[in-house]
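Enquirer: If you want the building blocks of each chain, they are given just below.
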Amino acid sequence: QQQVKQSPQSLIVQKGGISIINCAYENTAFDYFPWYQQFPGKGPALLIAIRPDVSEKKEGRFTISFNKSAKQFSLHIMDSQPGDSATYFCAAHFLLKTSYDKVIFGPGTSLSVIP
Amino acid sequence: NAGVTQTPKFQVLKTGQSMTLQCAQDMNHNSMYWYRQDPGMGLRLIYYSASEGTTDKGEVPNGYNVSRLNKREFSLRLESAAPSQTSVYFCASRNRGLNTEAFFGQGTRLTVV
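Going down the list, the protein sequences come from chains X and E. Heads up: the first sequence at position 24 corresponds to 24 in the working numbering, and the numbers run straight through without jumps. The number in the working numbering is simply the position in the second sequence, starting from 1, with 115 added.
No wet-lab data here; the hints were simulated from the structure. It should be emphasised that the depicted structure is a prediction, and the values quoted were computed from it without experimental measurement. A couple of the hints might just be wrong.
[Said to hold, decoys possible] Here are the simulated lysine-lysine pairs, PhoX-like style, with alpha carbons at most 20 angstroms apart:
#, chain 1, residue 1, chain 2, residue 2
1, X, Lys71, X, Lys42
2, X, Lys57, X, Lys102
3, E, Lys186, X, Lys42
4, X, Lys102, E, Lys124
5, X, Lys42, E, Lys172
6, X, Lys58, X, Lys102
[Unchecked claim] Computed footprint of chain X on chain E; a stretch qualifies when at least three of its residues, placed anywhere within it, have a C-beta under 8 angstroms from a C-beta of chain X:
#, region
7, 156-168
8, 183-191
9, 202-209
Glycine included, C-beta positions come from ideal geometry on N, C-alpha and C.
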């Protein structure tokens, strides 16, 4: 099972609000779960990432919450700003395994933060 | 720092034509990837290369071929383009290990008419 599911497909949040994007994975062997941010006309760029031995990671206004038993993880954007408007992808892959080097992405969430 | 460079940025092809998308990285990464991005479908893996000299199929390899020319370069070839291959194509690279961020190119917007 290689799929990574992501919801919602699109999200509209008012400035200052909290944006929450959820992901679920199937392959319990994955050991690295990054989030990527993509602005129109650009390639995705790493935003924040977590390993499954940690339940939460925070970097500024961005927090990943990880639930290993449920095979779910989520991105929270606190105090959302119009500059956060972008497409967000969750992903899953192996850190070191060479026989399975795929980086699998969720379908993406289009976030719009309105003033 | 160039990072990951893709050429061309835009391309229009007629059905049946062939072309090669070029990708080069200057970060000495082992792994390189080709993805296509379509509305509502996210990033779907076409092919990847875990190291120089090796390539493997991803989720949607049909209609594509790849070549890992050396450690720096990973090309994607469309032998006979079809309208279903209209998409934005991204090349990415990364190193396995603790610092494992994938770096993406700026993308190639391909239209097949």
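Enquirer: If a hint holds in the structure, say so; if it does not, say that too.
Expert: Hint by hint, here is what the structure shows:
{"no.": "1", "hint": "Lys71/X / Lys42/X", "in the structure": "violated, 30 angstroms"}
{"no.": "2", "hint": "Lys57/X / Lys102/X", "in the structure": "violated, 24 angstroms"}
{"no.": "3", "hint": "Lys186/E / Lys42/X", "in the structure": "violated, 24 angstroms"}
{"no.": "4", "hint": "Lys102/X / Lys124/E", "in the structure": "violated, 25 angstroms"}
{"no.": "5", "hint": "Lys42/X / Lys172/E", "in the structure": "violated, 25 angstroms"}
{"no.": "6", "hint": "Lys58/X / Lys102/X", "in the structure": "violated, 26 angstroms"}
{"no.": "7", "hint": "156-168", "in the structure": "holds (count 8)"}
{"no.": "8", "hint": "183-191", "in the structure": "violated (count 0)"}
{"no.": "9", "hint": "202-209", "in the structure": "holds (count 3)"}
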